Structure formats: structure tokens, C-alpha cells
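There are 2 protein chains.
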Amino acid sequence: MLRRLSRYLPILEWGRHYNRDTFSNDMVAAIIVTIMLIPQSLAYALLAGLPPEAGIYASIAPIVLYAIFGTSRALAVGPVAVVSLLTASAVGQVAEQGTAGYAVAALTLAFLSGAFLVTLGLLRLGWLANFLSHPVIAGFITASGILIATSQMKHILGVEAQGHNLLEMAGSLIAHLPQTNPVTFVIGASAVAFLFWVRKGLKPLLIRAGLKPRLADMLAKAGPVAAVAVTTLVTGALGLDALGVKIVGEVPQGLPPLTMPGLAPELVGQLLVPAILISIIGFVESISVAETLAAKKRQRIDPDQELIGLGAANLGAAFTGGYPVTGGFARSVVNFDAGAETPAAGAFTAMGLLLASLFLTPLIFYLPKATLAATIIVAVLSLVDFSILKKTWGYRRADFAAVAATILVTLGAGVEAGVASGVILSILLHLYNTARPHVAEVGLVPGTQHFRNIRRHDVITDPELLTLRVDESLYFVNARFLEEMVLERLAESPRIRNVVLMMSAVNDIDYSALEALEEINRRLAEMGVRLHLSEVKGPVMDRLKRSHFLDELSGKVFLSQWAAWQALSRHARPPLRAAG
Amino acid sequence: MLRRLSRYLPILEWGRHYNRDTFSNDMVAAIIVTIMLIPQSLAYALLAGLPPEAGIYASIAPIVLYAIFGTSRALAVGPVAVVSLLTASAVGQVAEQGTAGYAVAALTLAFLSGAFLVTLGLLRLGWLANFLSHPVIAGFITASGILIATSQMKHILGVEAQGHNLLEMAGSLIAHLPQTNPVTFVIGASAVAFLFWVRKGLKPLLIRAGLKPRLADMLAKAGPVAAVAVTTLVTGALGLDALGVKIVGEVPQGLPPLTMPGLAPELVGQLLVPAILISIIGFVESISVAETLAAKKRQRIDPDQELIGLGAANLGAAFTGGYPVTGGFARSVVNFDAGAETPAAGAFTAMGLLLASLFLTPLIFYLPKATLAATIIVAVLSLVDFSILKKTWGYRRADFAAVAATILVTLGAGVEAGVASGVILSILLHLYNTARPHVAEVGLVPGTQHFRNIRRHDVITDPELLTLRVDESLYFVNARFLEEMVLERLAESPRIRNVVLMMSAVNDIDYSALEALEEINRRLAEMGVRLHLSEVKGPVMDRLKRSHFLDELSGKVFLSQWAAWQALSRHARPPLRAAG
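These protein sequences, in sequence, are chains A and B.
At position 16 of the first sequence the residue is numbered 137 (the working numbering), and the sequence of numbers has no breaks.
At position 276 of the second sequence the residue is numbered 397 (the working numbering), and the sequence of numbers has no breaks.
Since the hints were derived computationally from the structure, they do not count as laboratory data.
The reader is advised that the hints may include incorrect statements.
The list treats identical chains as interchangeable, and a pair is accepted whether it falls inside one copy or across any two copies.
[Unchecked claim] Restricting the straight-line Cα-Cα distance to at most 27 Å, the calculated cross-link-like pairs of lysine-lysine (DSS-like) are: (1) LYS321 <-> LYS333; (2) LYS418 <-> LYS666; (3) LYS512 <-> LYS666; (4) LYS666 <-> LYS511.
Computed from a predicted structure; not experimentally measured.
Model the full assembly from the supplied sequences, consistent with the hints where possible.
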């Protein structure tokens with residue numbers, strides 16, 4: 122009973138072994154993560170087009186719910202860059218930024234996403250995420266990084282630029298360049314420069330100064346907090362907001378509010394497809410982080426339970442003033458490196474953020490939006506990596522095409538169209554490849570019982586016996602192709618009396634392909650040629666036995682191609698010795 | 122030069138051999154087909170929601186254009202039942218039946234369909250039609266037959282029923298039952314009964330009366346003409362139209378008009394998807410008829426040239442007052458049986474219909490719509506055939522699911538949704554089947570060099586050597602599955618020192634799968650287990666050589682599984698003799 126329950130509530134499993142050591146480790150990790158998350162949460166809320174507190178709220182209830190239902194010990198759930206961008210894109214289509222409708226639509230998006238994830242998890246459909254291939258994800262994240270960085274440039278310049286794709290954004294930025302606010306630009310550019318230096322230069326410096334690498338790493342991660350503190354102080358002290366520097370302003374002080382997502386059918390209809398997309402992308406991002414971290418400690422991640430954990434987190438966000446969340450890469454790695462041992466570390470982080478939202482919000486009144494934009498830009502540019510283009514180009518052009526399409530469409534037509542085109546193109550290219558299967562004419566490798574392609578190997582053949590190895594499962598898309606191929610090959614060689622289809626690579630024969638085989642058998646019989654099969658696999662043979670095909674077959678089914686050769690070839694007469 | 126031209130203009134090929142014998146055979150066939158086509162064309166125009174003359178016009182220019190560009194010698198192009206239904210469904214969504222806009226939209230649909238088909242043909246993309254599997258087509262035609270027959274019942278009853286799916290239609294018919302026009306019903310019901318009797322009873326009767334079967338068959342085919350003549354005469358003589366019997370009324374007398382399809386962007390946008398659907402369904406129907414007939418005379422059909430022929434026919438329909446056309450089954454079979462030898466028979470049929478539209482239209486003023494509905498009902502009910510459900514159920518459940526979905530969705534949500542769901546479900550089920558591939562653990566069949574599944578055959582195995590035969594191409598959808606499977610299998614058997622992946626059924630390895638193989642190799646190396654491959658196919662090996670995988674591989678690549686066994690197994694030491 123407890124075992125069954127603990128499948129759906131992993132907390133019952135690790136909760137039993139909780140002790141003081143685990144507690145102190147989790148606590149240290151939580152403090153570090155909390156400090157890192159405060160500026161990050163504010164920044165991602167800005168990216169999603171929501172008020173800053175939404176980012177904090179989206180990190181509290183979701184973390185706790187994931188701690189209860191999730192299977193990863195180190196995953197930190199909350200707002201992440203790509204999902205924030207997707208949220209802005211989806212919600213921007215149904216409501217104006219800054220209105221109450223916008224915030225409600227973000228809640229609805231989180232609710233739909235949570236409901237969808239929990240449903241997938243309960244139906245054990247986690248494998249569906251495999252449709253998003255790794256090259257497509259890599260391309261998508263790179264393109265998103267570029268889009269996000271570009272979208273934040275307006276905050277660095279202090280202008281009102283906008284646009285739905287890279288060209289529009291860049292064009293709008295250039296058009297608004299003359300209106301650049303110089304003070305904002307100084308703050309934003311210094312923050313970007315500082316954060317890049319912290320990332321690349323500070324850590325080696327600290328290590329040379331004698332700090333341990335891990336501590337140096339932690340301190341470097343606190344860079345954004347320093348940037349936030351310094352720019353807020355300067356802006357407040359000098360009253361820079363009067364010079365046109367946009368600041369965060371008043372952030373409500375208090376517990377996350379109880380909120381109700383909008384469930385009007387029209388709103389749900391408009392947000393359903395984006396919610397599904399956000400769910401799948403979020404899930405794929407989250408599970409790859411979770412598995413990377415779990416592998417390091419030889420722990421196990423259950424993809425279906427992860428769906429439930431992330432779904433619960435999103436439902437939590439929907440009812441506490443948040444927006445769609447998932448497991449983030451940066452925050453999870455920090456959590457893991459800081460020594461988090463159980464999901465309780467997440468719960469402590471949530472408490473830290475709760476305290477922040479109760480007491481710290483007045484302190485960020487003067488925080489410039491340019492600083493937040495700088496933290497986003499520096500974070501996402503580390504995601505940009507075009508090496509996947511080079512790798513796939515060298516290996517397989519179809520994969521390259523899928524990556525290139527994902528990147529170009531994401532940049533040119535937005536994130537939703539980008540992912541959709543990557544997935545659809547991957548599937549179509551896969552089908553295209555199987556539509557014209559490789560069919561090799563094979564012969565016997567001398568001195569063995571092994572048969573290989575006559576064009577690649579020096580093999581023995583018999584002019585009256587044609588053996589074709591079909592290198593693909595037979596199904597509706599390629600069934601007619603095989604039919605045409607066999608008949609054309611026979612028209613070329615009128616001496617052929619026996620045709621063997623070697624089925625070692627045929628893993629399935631669907632009904633359309635069965636009809637094609639029946640047709641081949643009939644046509645060959647009319648020409649006085651017998652059709653045989655060899656090396657038919659067990660599951661395929663079981664299926665063929667359920668049809669009339671085997672009764673009508675003019676020839677035989679041989680267990681091995683060697684047996685077919687012995688029965689049908691003239692060359693088989695002199696006894697051949699196997700090698701070895 | 123002429124050869125190249127005759128690829129695109131098959132008329133240059135058969136035209137050179139034309140003589141008096143061919144002419145007289147073609148002429149006889151043309152007369153028979155013309156007589157059959159007159160009522161059929163009128164009826165299908167009614168089904169498409171167009172005035173009756175549109176059906177005649179759609180049979181004239183298209184037939185001539187197909188004769189010039191098409192490759193089938195016997196295919197008769199013109200309005201057919203399913204395409205007429207699809208036209209009514211598509212055009213009904215953009216214009217009111219009976220308006221000028223409706224007719225123009227039908228022309229636009231023909232134009233778009235023609236342009237799409239010609240484009241596919243020039244790009245040699247005929248293979249795309251293979252995505253419509255045979256079971257899906259069979260299910261779709263059966264469901265369409267039911268929908269069409271139901272939609273015509275209102276004309277038999279003389280009521281105004283309507284509806285977009287089977288339930289709505291049936292409900293509306295029942296609701297309107299009290300308003301049935303008794304005279305119309307008598308005419309309609311008698312016509313249906315007569316036509317069924319002609320089809321089932323007349324032919325045997327005529328044969329028993331001493332007629333030759335072929336002549337008896339031809340006479341039976343003229344049944345609709347008799348029904349049209351008798352009911353028109355009776356209605357006209359008794360003035361039944363005054364009693365509420367709906368008649369065809371005035372049909373313009375003259376040559377087909379020159380018409381211009383509407384090309385407003387909005388209209389084109391609304392009709393593009395239906396036009397693509399109509400094109401593909403029409404093409405698949407047409408090519409299967411053409412290939413069936415060509416096979417009987419050992420002639421060849423070129424699918425890409427067929428696309429051009431059908432495309433030209435539709436463009437012709439668009440500019441001469443017609444609507445979308447394709448090669449019809451019934452008319453083509455009649456043409457073939459009547460002895461048509463070349464596409465010239467089609468041209469003569471066009472002339473016959475031209476004469477009919479010049480001189481015969483006043484004679485059908487009193488033709489009751491109920492008679493036309495009766496000819497449609499009897500024609501389409503012969504298309505209804507549920508046996509595909511039984512056949513696919515017995516053979517393969519995935520095919521059954523695709524057929525059942527096609528039938529149910531077509532009946533419940535209309536023809537377009539029906540075909541789309543059939544195609545999409547076929548593709549998804551195919552992907553699902555390849556997502557969790559069959560992986561068999563294999564051992565040596567004693568006395569051979571052949572390896573088979575340990576669960577199905579009595580084979581020799583080695584506890585330190587695990588050989589897995591992967592029965593599917595490896596690609597993004599199943600890459601992770603293989604990774605998990607291998608690691609789980611190893612966790613069960615700690616004695617294993619060598620793992621061989623037997624790749625005889627792996628026809629492709631995409632980039633995601635390459636990464637999975639690299640991961641498997643890395644993980645096994647950590648456990649001190651070596652990974653080997655065997656029977657890797659030529660194209661797959663070429664691809665792997667372009668990556669670093671083979672350099673990193675902890676084990677070897679063996680030409681055959683037998684070679685792997687000899688190198689790695691303890692049992693291989695005593696020399697084994699091959700059978701035979």
C-alpha cells in the first residue's frame with residue numbers, strides 16, 4: 122500500500138530517511154539558491170511581460186509542490202528563460218501587456234499546462250516527449266537565446282522598441298536608437314559588462330587569490346545580486362529615475378495571493394495549443410536537467426512521475442499568482458553544486474523567497490529594469506551554441522535540415538512556429554527516408570553462410586536467382602515502391618526463375634504492404650517466377666500467418682538465406698565449408 | 122527530342138499508330154459512355170450543389186485535356202461521386218448554394234486543384250499520394266457512400282432536410298418526414314427500386330433470354346437512361362411539377378461557356394486546403410482505376426504524368442463552367458469494357474456530350490430531381506463495403522484503428538476531417554510502433570552460423586556475452602528507449618562482459634540515435650563492459666564513419682554475428698561445422 126502510494130508521492134520515500142545531516146546540507150543549498158533566485162525571478166517575470174512579483178510567486182508554491190510529487194532530488198522548479206519567452210508570446214496574443222487580463226491569461230496558461238502535464242503523467246505518455254529530437258531542441262534553445270537577448274536590448278537602451286521576430290525587433294531597435302536614454306544605457310551596459318566579467322574573469326581571479334574552486338564558483342554566481350544591489354543603490358541615491366531610468370517601482374509586500382485562472386471557453390481555446398507546446402518544451406528541458414544530475418549520483422528519474430511533479434507545480438503557480446514554470450538548468454545546477462540532497466532543499470528555498478516577498482520588496486523600489494535585462498542577456502547568451510549545425514551537417518543532412526529550419530523559423534516567425542516546424546520536419550524527413558527504402562541485391566560471401574550487397578562485396582550470385590534484401594519495414598508509405606522495384610528488376614533480367622525477399626531488416630508489414638506482397642506474388646506467378654521469403658522475423662511471421670498470404674505464396678519461407686540458397690541455387694551443389 | 126516531348130505529351134506516342142480499326146473501336150466505346158454519362162453528369166452536379174449543366178460541362182474540356190496529357194488509355198475523366206461531395210462540402214463553407222458566388226467558388230476549387238496537381242507532377246512528387254494508405258481510402262469511400270446516399274434521401278422524399286454529418290442529416294430527414302411529397306416519393310422510390318433491379322435482376326434475365334453476357338451488361342448499364350426517360354415523360358405528360366415534384370427545369374442550351382475562376386486572395390485562402398485534399402483523393406482514386414485497367418492490357422501508367430493529365434483536366438474544368446473532376450471508376454470500366462483503345466475514345470465522348478449540351482437540354486426540362494437522386498443512391502451504395510474492417514481487424518489492429526477512425530470521423534464530422542484523421546492516425550500509429558522497437562536477445566542456432574531469438578528458438582548462448590538484435594531503425598523517437606533497455610538488461614545480469622548490438626535490421630541511425638549509442642558506449646565502459654556492433658549495413662556504416670563514434674567504441678565492428686560469436690564466445694572454441 123505504502124509502496125504504491127509512494128510511486129505517486131516520492132516524498133514518502135525520501136522523507137523516511139531524513140536526518141540532521143541532510144537537513145543542514147539542504148539548508149545551505151537553499152540559502153545559496155534563494156540569493157541567486159531573487160534577481161532571476163524578477164528578471165524572468167519582466168521577460169514574460171508580468172509584474173516582478175509574479176516571478177517570485179512562481180518560485181514559491183511550485184517548488185513546494187514539486188518537492189512533494191517530483192522524483193529528482195536536485196531539480197529547482199520556477200520561471201525559466203525559454204518558458205518565460207513562450208508565455209510572453211502566447212499571452213501577448215490574447216491580452217495587452219500590463220492589463221489585468223494579461224495576468225489572468227498567464228494564470229490560465231499555467232493551469233492548462235499543469236492539467237495537461239498531469240494528464241500525460243497519469244496516462245504514462247512521457248515517451249511522447251521523444252518526438253522533440255535533441256538537434257531540434259538544441260536549435261530551438263539557441264534561437265530562443267538570440268530572440269530573448271534581442272528583446273531585452275530595449276531595456277538596456279531605455280527605448281520602446283517591439284517586434285514579433287528577430288528582423289522586426291532589430292529594425293525597431295535601430296529606428297529607436299536616437300531616443301536612447303544615456304543614463305539607462307550606462308547602467309545597462311555596465312551591468313552587462315560586469316556580469317560577463319564575473320562569469321569569465323572573476324572565478325579564475327578568486328582561484329588565483331587562493332579560494333577553493335567551488336567557493337569561487339558560488340561567489341561568481343552571486344554576481345547578479347551584486348549588480349542588483351549596486352545599481353539600485355546608485356539609482357536611489359542619485360534619483361536617476363527622474364532622468365528617465367525605468368525602475369521596478371512598488372512591488373506588493375506580502376504572501377503570494379490566492380488567484381483564480383480564467384476558464385472562459387474562448388480564452389481556454391486560444392491558449393490550449395500554446396499551453397501544450399509550453400508543457401512539452403518545459404518537460405523536455407526539465408527532464409534532461411534532472412537526468413543529467415541524477416546520473417551523477419546514480420539516482421533514477423521516472424519520466425511519468427516527473428510529468429505529475431511538473432504538472433502539480435504549474436497548477437500551484439496558477440492559483441498563487443505565478444505563471445508557467447519548469448525545472449531550470451542554471452538554478453538546478455547551483456542547487457546540486459551547493460549540496461542539496463533532497464527535495465526539502467527546494468522547500469527551504471521556497472521559505473527564503475517567501476521571506477523575501479514579505480520583507481525585501483521595498484528595497485528593490487529603485488532597481489533599474491536595465492539591470493534585470495542585463496542579467497537575462499548574460500544568462501541566455503550562454504545558451505547560444507551553433508555547434509549543433511556543424512555536427513549534424515557532418516553526420517546526416519536530414520538532421521541538419523531539421524535544426525536549420527528550427528533556428529530560422531524561430532528567429533523569423535517566433536518560438537511556437539519554430540518548434541512546430543522542427544518537429545514536423547523531423548517526422549516528414551523520417552517518413553521520406555523510409556518511403557524509398559534501400560533495397561540491396563545480395564550474394565553469398567565465399568566461404569561463409571553470410572550474404573551481402575553485390576555492389577559492396579565480392580560475392581557469389583546465380584543468374585536464375587534474384588535475392589533482394591529489403592532494408593526497411595514495409596508499410597503504406599513504401600508498399601507500392603517495393604512492388605514497382607521488384608517488377609522493374611525482373612523486366613531487366615528475363616532469366617530469373619526464383620525471387621527471394623530477404624526480410625532480416627523488415628520489422629513490420631502493415632495491411633497495405635501485405636496487399637503489395639500479394640500483388641507481387643500474383644504478378645510473378647503470371648510470369649512463371651516463384652516468390653520466396655527468407656529470414657522472416659518472429660513477430661512478422663506471426664502476423665503473416667493470420668492472412669492468406671502464406672497459402673497463396675508460390676514459393677517457400679526459409680529460416681535463413683543460407684537455407685534458401687542451398688535449396689534454390691545451382692552453385693549450392695558442391696558442399697561449401699564454413700569459415701573457421 | 123520527340124521522345125522527351127512525348128514524355129509530357131503521351132498523345133504523340135499513341136497518335137502515330139492511330140488507324141481505322143482503333144477509330145471504330147474508340148467510336149463504339151464513346152457512344153456507350155456518352156449515353157451513360159448524361160444522367161450521371163447531371164446527378165453529380167446536383168450532388169455538388171451546382172446547376173445540372175455544370176456536370177455536362179465538367180465532362181467535356183477535361184476529357185479532351187486528359188486525352189492529350191494523360192497516360193491511361195481507358196480512364197474516363199469527369200465528375201465523380203466522392204469529389205462532388207467534397208466540392209459541396211468545401212464550397213458550401215464559403216458561399217450560399219444557388220448563388221453566383223457558389224459557382225465561381227467551384228471554379229476556383231477546380232483551378233486550385235489543377236494547379237496543385239500540375240505542380241506535384243512537374244516536381245515528380247506523385248509518391249506523396251502513398252501517404253493515403255489503402256485501408257484509409259477504403260474506409261473513406263465506404264463512409265462517403267453512406268453520407269452521399271443519406272444526403273440524397275431528401276430529394277426522394279421531396280423535403281428540405283439538411284445537415285453536415287450523418288446524425289444531423291438523419292435527424293433532419295426524420296423531422297421533415299411528415300412533409301414528404303407523396304408524388305415525389307413514388308417517383309423516387311420506384312426509380313431506386315427499378316435501378317436496383319436493373320443492376321441485380323436484369324442482367325441474369327437478359328442472359329437467360331439468350332443475349333451475350335457483355336451485351337447484357339451494356340444494356341443493364343443503360344438503366345439510368347431508361348429511368349430518366351420514363352420519369353421525365355410521365356412528369357411532363359401529367360404535369361406533376363404542379364403537384365410539388367421538383368424538376369430540373371430550364372438548362373441553358375449551347376457550348377460550354379468560357380469562365381473565369383475567382384482568384385481573390387481571401388477566397389483562395391479559404392479553398393486552398395480543401396483543394397489539396399480533393400486533389401490527393403481524386404488522384405488516388407484515379408490512379409488506382411488507371412492501374413487496374415492498365416494491368417489487364419500490360420500497359421504502364423506513369424504516376425507523375427498522371428498528375429499532369431488530371432491537373433490539366435481540372436484547369437480545363439475551371440475555365441469552361443465545370444468543377445473539380447477526376448478519373449471515375451464506373452465510367453472508366455464501361456469505357457474499357459466497351460472496347461476503348463486510346464484516349465481518342467475520350468475525345469469522341471466529349472463530342473457526344475457537346476452535342477447533348479447543344480440539342481438535348483430542352484428534353485430534360487421535366488426530369489425530376491428524385492430520379493437523379495435515385496441514380497446517385499444506387500451508384501454509391503455499391504461503393505459501401507465494410508469488409509475492410511474485418512480484414513484489417515484480423516491482420517493488424519493499427520490498420521483497423523485507422524480505418525475505423527476514418528469511417529467514424531467521416532460520418533460524424535465530415536469528409537475532410539475524416540480523411541485527415543485517417544492519414545494522421547496512420548502516421549502516428551506507425552511512429553508509435555517504431556517508438557518502442559522490438560529488441561530480441563539472440564543465440565546461435567546449433568549446427569549453423571545463424572542467430573535467432575532465444576525465446577522462440579532452441580539456441581546456444583554465453584552468459585558473459587549479451588547479443589541484442591535491434592529490430593528497428595534508430596531515430597529520435599526511439600533513441601532513448603534503446604539506451605534505457607540496454608542499461609536495464611545489464612543491471613539484471615552482472616556477469617556480462619561483452620554486449621553485441623546486431624544491426625541487421627537497423628536501416629538508419631540519425632543524429633539523436635548516434636548520441637544515444639555514444640551514451641551507451643560511455644556507460645558500458647564505466648561498468649567495464651565492451652560494446653560491439655555486428656552486421657552493420659553499408660549505408661549505416663558509411664554514416665557512422667563520419668562521426669567519432671567508431672574511434673570511441675570500446676569494442677569492434679564485426680562483419681557478421683558469426684564472426685562476433687567466434688571472437689567473443691567461450692563456446693566458439695570447439696570448431697563448429699556448418700550444416701550442409
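How the hints compare with the structure:
no.: 1; hint: LYS321 <-> LYS333; verdict: within (17 Å within a copy, 95 Å between copies)
no.: 2; hint: LYS418 <-> LYS666; verdict: neither (49 Å within a copy, 33 Å between copies)
no.: 3; hint: LYS512 <-> LYS666; verdict: between (45 Å within a copy, 13 Å between copies)
no.: 4; hint: LYS666 <-> LYS511; verdict: between (47 Å within a copy, 16 Å between copies)
When held up to the earlier numbered hints, the structure conflicts with hint 2 and nothing else.
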